Amino acid sequence: DYMVLLGSSQSQAFSQFARIECIHRMEILEYCRLLGCPQAFIPSFQVYKLIYASRLVDYGLAAQALHYCEGVGRALLAQNQNAYPVLLAQVIKLADRLKFSDPRLLEKAEYEVDLEPDWLIELSPFWFHT
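Residue numbers (the working numbering): 847 to 976.
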């Protein structure tokens, strides 16, 4: 199941190919597919969602970036996590850096030791540290 970004062309330079508006178009397509079937993630699109999350970090939007990491992480959990080891590692690394920007973590009591989001805990066993 291979798909390029909607409204883009592979013949363009990467900076033009992976424009934010093209990522948004694909996100709308994926959302529509997920409405019909909750497991209908577009595997090849998850990389672009991670790229978008990285851009959000660059813009100072860490909480939103973490939300995108969670979306990619949940997509990986719904699929064969071992099929995308590099993507899995990058999602975990970025989310680990961003997890303290999660407002839900800030609301936890001080005595609660576990500050990992549930989805990140679920992903971690599939990541082979190198």
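Think of the hints as simulated: they come from the structure by calculation, not from any bench. Be careful, since some hints might not be right.
As the list claims (entries may be wrong) - Below, in silico cross-link-like pairs of lysine to aspartate or glutamate (EDC-like), each with a Cα-Cα straight-line distance of 20 Å or less:
| no. | residue 1 | residue 2 |
| --- | --- | --- |
| 1 | Lys945 | Asp964 |
| 2 | Lys945 | Glu968 |
| 3 | Lys939 | Glu876 |
| 4 | Lys939 | Glu968 |
What the hints assert, rightly or not - Computed beta-carbon distance windows for the label pairs:
| no. | residue 1 | residue 2 | range |
| --- | --- | --- | --- |
| 5 | Cys883 | Asp964 | 17 to 25 Å |
| 6 | Ser857 | Glu968 | 21 to 29 Å |
| 7 | Glu968 | Leu880 | 16 to 24 Å |
| 8 | Glu968 | Leu875 | 20 to 28 Å |
| 9 | Arg865 | Val932 | 34 to 42 Å |
| 10 | Gly882 | Ser857 | 17 to 25 Å |
| 11 | Asn926 | Arg879 | 13 to 21 Å |
In this text, all values refer to a predicted model and were calculated from it rather than measured experimentally. Just so you know, even glycine gets a beta-carbon here, dropped at the ideal spot from N, CA and C.
Evaluation of the provided hints:
1. Lys945 - Asp964: The hint holds at about 11 Å.
2. Lys945 - Glu968: holds (14 Å)
3. Lys939 - Glu876: violated (24 Å)
4. Lys939 - Glu968: holds (14 Å)
5. Cys883 - Asp964: 17 to 25 Å: Once the Cβ atoms are compared, 23 Å apart, the range 17 to 25 Å for Asp964 and Cys883 holds.
6. Ser857 - Glu968: 21 to 29 Å: Violated - the Cβ-Cβ distance for Ser857 and Glu968, about 39 Å, lies outside 21 to 29 Å.
7. Glu968 - Leu880: 16 to 24 Å: holds (19 Å)
8. Glu968 - Leu875: 20 to 28 Å: Since Glu968 and Leu875 have Cβ atoms about 26 Å apart, the given range 20 to 28 Å holds.
9. Arg865 - Val932: 34 to 42 Å: violated (23 Å)
10. Gly882 - Ser857: 17 to 25 Å: Distance hint for Gly882, Ser857 is violated at roughly 31 Å.
11. Asn926 - Arg879: 13 to 21 Å: Cβ of Asn926 to Cβ of Arg879: about 18 Å, so the range 13 to 21 Å holds.
Consistency with the previously given hints fails for numbers 3, 6, 9 and 10, ordered from lowest to highest.
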